[in-house]
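All chains should be built: construct the whole structure from the sequences, respecting the hints.
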Amino acid sequence: MAAKDPAPSDFINYPTPKAHDIPYQAHKDAKNPALNGLLLHYLSYVFLALRFLHSFFWTNAGFGVLRTLKELDHVEARYDPTVIPTPKLADEPIASYSSVAARRVLAKATKSGFHTVADFHELYKSGKITPTDVAEALLPLIRRDVKDRSVYSTAFVDSKIALVKKAAEASTQRYNEGKPLGILDGVPFAVKDEIDIKSYKRFVGTTHDFTRGKEVETGWCIKKLEDEGCVMLGKLNMHEIGMDTTNNNPHWGTPLNPYCNSYYTGGSSGGAASAVSSGIIPFAIGSDGGGSIRIPSNYCGIFGLKPSHNRVSIAPLMQCANTTVVQGPLAANMVDLETSYRVLAQPDPSHHIKVLGIYKPWFDRADPEVKVACQSALDYFVSKLGYQVVDITLPLIHEGQLAHAMSIMSEAVTAQTDISYLTAPNKVLLKVGAQATARDFLLAQRLRNMLMEHLAHLFTTYPGLIIVTPTTPNAGWQIKSGDLTHGLMDGNTQIRNMEYIWLANFTGIPCIQFPVGYVDAKKGEGKIPIGLSGNGQWGSEDALIEFGYDGEAWLNEGLEGGRAMPGSWVDVLDKVKGFSE
1 MAAKDPAPSD FINYPTPKAH DIPYQAHKDA KNPALNGLLL HYLSYVFLAL
51 RFLHSFFWTN AGFGVLRTLK ELDHVEARYD PTVIPTPKLA DEPIASYSSV
101 AARRVLAKAT KSGFHTVADF HELYKSGKIT PTDVAEALLP LIRRDVKDRS
151 VYSTAFVDSK IALVKKAAEA STQRYNEGKP LGILDGVPFA VKDEIDIKSY
201 KRFVGTTHDF TRGKEVETGW CIKKLEDEGC VMLGKLNMHE IGMDTTNNNP
251 HWGTPLNPYC NSYYTGGSSG GAASAVSSGI IPFAIGSDGG GSIRIPSNYC
301 GIFGLKPSHN RVSIAPLMQC ANTTVVQGPL AANMVDLETS YRVLAQPDPS
351 HHIKVLGIYK PWFDRADPEV KVACQSALDY FVSKLGYQVV DITLPLIHEG
401 QLAHAMSIMS EAVTAQTDIS YLTAPNKVLL KVGAQATARD FLLAQRLRNM
451 LMEHLAHLFT TYPGLIIVTP TTPNAGWQIK SGDLTHGLMD GNTQIRNMEY
501 IWLANFTGIP CIQFPVGYVD AKKGEGKIPI GLSGNGQWGS EDALIEFGYD
551 GEAWLNEGLE GGRAMPGSWV DVLDKVKGFS E
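At the far end of the sequence shown sits residue 581, using the UniProt record's numbering, and the numbering has no gaps.
Errors might be hidden in some of the hints.
[As the list claims (entries may be wrong)] FRET-style restraints, in silico, Cβ to Cβ:
#, residue 1, residue 2, range
1, K28, K523, 26 to 32 Å
2, T16, V151, 49 to 55 Å
3, Q173, Y42, 20 to 26 Å
4, G213, D29, 40 to 46 Å
5, D29, G562, 32 to 38 Å
[What the hints assert, rightly or not] Derived lysine-lysine pairs resembling BS3-like cross-links, with alpha carbons at most 27 Å apart:
#, residue 1, residue 2
6, K431, K28
7, K18, K31
8, K427, K201
9, K371, K360
10, K427, K354
11, K575, K160
12, K214, K201
13, K575, K147
14, K223, K179
15, K147, K160
16, K147, K224
17, K575, K166
18, K371, K527
19, K125, K575
20, K166, K128
21, K165, K128
22, K201, K179
23, K224, K179
24, K384, K371
25, K575, K31
26, K165, K480
Quick caveat, the hints were computed from the structure, so don't treat them as lab data.
These numbers were taken from a predicted model, which means no experiment stands behind them.
Using N, Cα and C, we set each Cβ at its ideal position, and we do this for glycine too.
Encoded structure:
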């Protein structure tokens, strides 16, 4: 018998369910200048010197629109989107999720070419390879401190060689003694640079050390993975201070998309997505304040989960956007996404009710090729897996995206008292963000509350509802000449590819993304992945994980040609076998 769907009484801080039926209004996209290379570098000095330009860009981006919304007049502001499941929704012990017996596996007939955590574990148990073999084979691929660096090293910022080898040797010893800690023991992973790790500096994509030379403690959720025996390979490249979605980084280099090196990986967790998609690691830990897990997962053809706000501890993450940022996993397969998430956070039990909600005018803003790929997957869910699709509405989605952007930029501006070490694009962006007044910020939080109330209405009206959108309305982001040396500033494309992802960050709901199709690259050689996203009720990560498995079934069984592999994918386990022989 199916479990009862969690009700509002099962949560703390659940929004008052209230429908806000505001008709959809088409809008014209902002026309912001797109600049890159040396031109951007020099014009940024002009921009910083002429203060009237700061206000002009702010107004041109449309941020002043909230002042005109009469619908917000009697809505209270809400500053924190955290909604907490109560303890009576009992959680299973974390240990059960990393055991071999509790693990799901891909059917051999539908298994993708990507290796899973189970593949590492089985080879370790058999003695064919050891965690030390894997570490020794991977280190030459990811090290930045060697003369002939590999193409994969750009995804990494730093690796502490001695620490990696020590962790791998300890895991090898446990397998030799027949006492592995679990299925994750000895499995390599890596962590986005903005997360604190003991013995590592934290640059957050800049050249500035935010640890200020002091020793820091490893973040709580990373400790949980290390407690399971995972081998932390190092810190991963990210977009400077996480304030754009390309992962263009003139400081540390720009990791290229494993499917087509003429395209960006997406950001700001671009190093994580690149390392997973290229086969270096089966999963990585990133963060998401405005699509920073889901956009790169989408662009690189892998799976990503943005948990409910505060579902996974972010301590001691740099507090630049603490009302929008969460930590979560990126993985090559759903089974590894689930396993890594289970260790990061104990989930609430829920049953798998198959109701998908679509706000058609919003969904239809995606490019034709993206809509076709997403609709094909939706048709499969309905015809083969028994899903029901319902039409829903969402109020003020365009204004909501601006309110999210205003909130995250205001929090970033407050955290960045010194911007001298930033690249030109972020200097400009933060100066624009600083133009928001207290009134604008308060109006944005009123809109946050309105959206949360409307979502609560939808989730109580349709128990088990998953709101479905394309992950991004566009298929990838091409790299242009001049981008990689001095960065780029393309607000039009940035806003465009954040069309759908902001809702989960602004309202605190969880969201999963998975690939559903591919299109030919318009530049360079290769295929460009297209992703679909599911947004669930607060605390519904379990339901989203089930949805992700159904998405993987479409990818492996329903999609013509099946799951595509990246052109620059490296078969790590085959390389290790050759190394050990």
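Hints, one by one, checked against the model:
A hinted range of 26 to 32 Å holds for the C-beta pair K28 and K523, which are about 27 Å apart. At roughly 52 Å, the beta carbons of T16 and V151 sit within the given window of 49 to 55 Å. Checked against the given bound of 20 to 26 Å, the beta carbons of Q173 and Y42, roughly 57 Å apart, lie outside it. A C-beta distance of roughly 45 Å is found between G213 and D29, which places it inside the suggested range of 40 to 46 Å.
A C-beta distance of roughly 35 Å is found between D29 and G562, which places it inside the suggested range of 32 to 38 Å. At most 27 Å may separate the alpha-carbon atoms for a hinted pair to count; K431 and K28 meet this at roughly 24 Å. Distance restraint check for K18 and K31: the Cα-Cα separation of roughly 34 Å exceeds the 27 Å cut-off, and the hinted pair is therefore not satisfied. Taken as a hint, the K427 and K201 pair is honoured in the structure, with Cα atoms around 23 Å apart against an allowance of 27 Å.
As the CA atoms of K371 and K360 are separated by approximately 11 Å, the hinted pair is consistent with the 27 Å bound. For the suggested pair K427 and K354, the alpha carbons sit about 45 Å apart, so the restraint of at most 27 Å is broken. A hinted pair counts as satisfied when its Cα atoms are at most 27 Å apart, and K575 with K160 qualifies at roughly 22 Å. Between K214 and K201 the CA atoms are separated by roughly 9 Å; this keeps the pair inside 27 Å, and the hint holds.
As the CA atoms of K575 and K147 are separated by approximately 21 Å, the hinted pair is consistent with the 27 Å bound. Only pairs whose Cα atoms come within 27 Å are accepted, and K223 paired with K179 is accepted, the gap being roughly 20 Å. The straight-line distance between the Cα atoms of K147 and K160 is roughly 17 Å, inside the 27 Å bound, and the hint therefore holds. The suggested pairing of K147 with K224 is violated, with an alpha-carbon distance near 35 Å, which exceeds 27 Å.
Distance check on the hinted pair: K575 and K166 sit about 21 Å apart at the alpha-carbon level, within 27 Å; holds. Taking the CA atoms of K371 and K527, the gap is about 17 Å. The hint holds against a cut of 27 Å. The hinted pair formed by K125 and K575 meets the criterion: a straight-line CA distance of about 18 Å does not exceed 27 Å. For the given pair, K166 sits about 20 Å from K128 by alpha-carbon distance, which is consistent with the 27 Å threshold.
Between K165 and K128 the CA atoms are separated by roughly 19 Å; this keeps the pair inside 27 Å, and the hint holds. For the suggested pair K201 and K179, the alpha carbons sit about 33 Å apart, so the restraint of at most 27 Å is broken. A C-alpha spacing of about 18 Å is found between K224 and K179, which places the hinted pair at or below 27 Å, so the restraint holds. As the CA atoms of K384 and K371 are separated by approximately 20 Å, the hinted pair is consistent with the 27 Å bound.
Simply put, K575 and K31 have alpha-carbon atoms about 48 Å apart, too far for the 27 Å limit, and the pair is violated. For a cut-off of 27 Å, the pair hint linking K165 to K480 is broken: about 39 Å separates their Cα positions.
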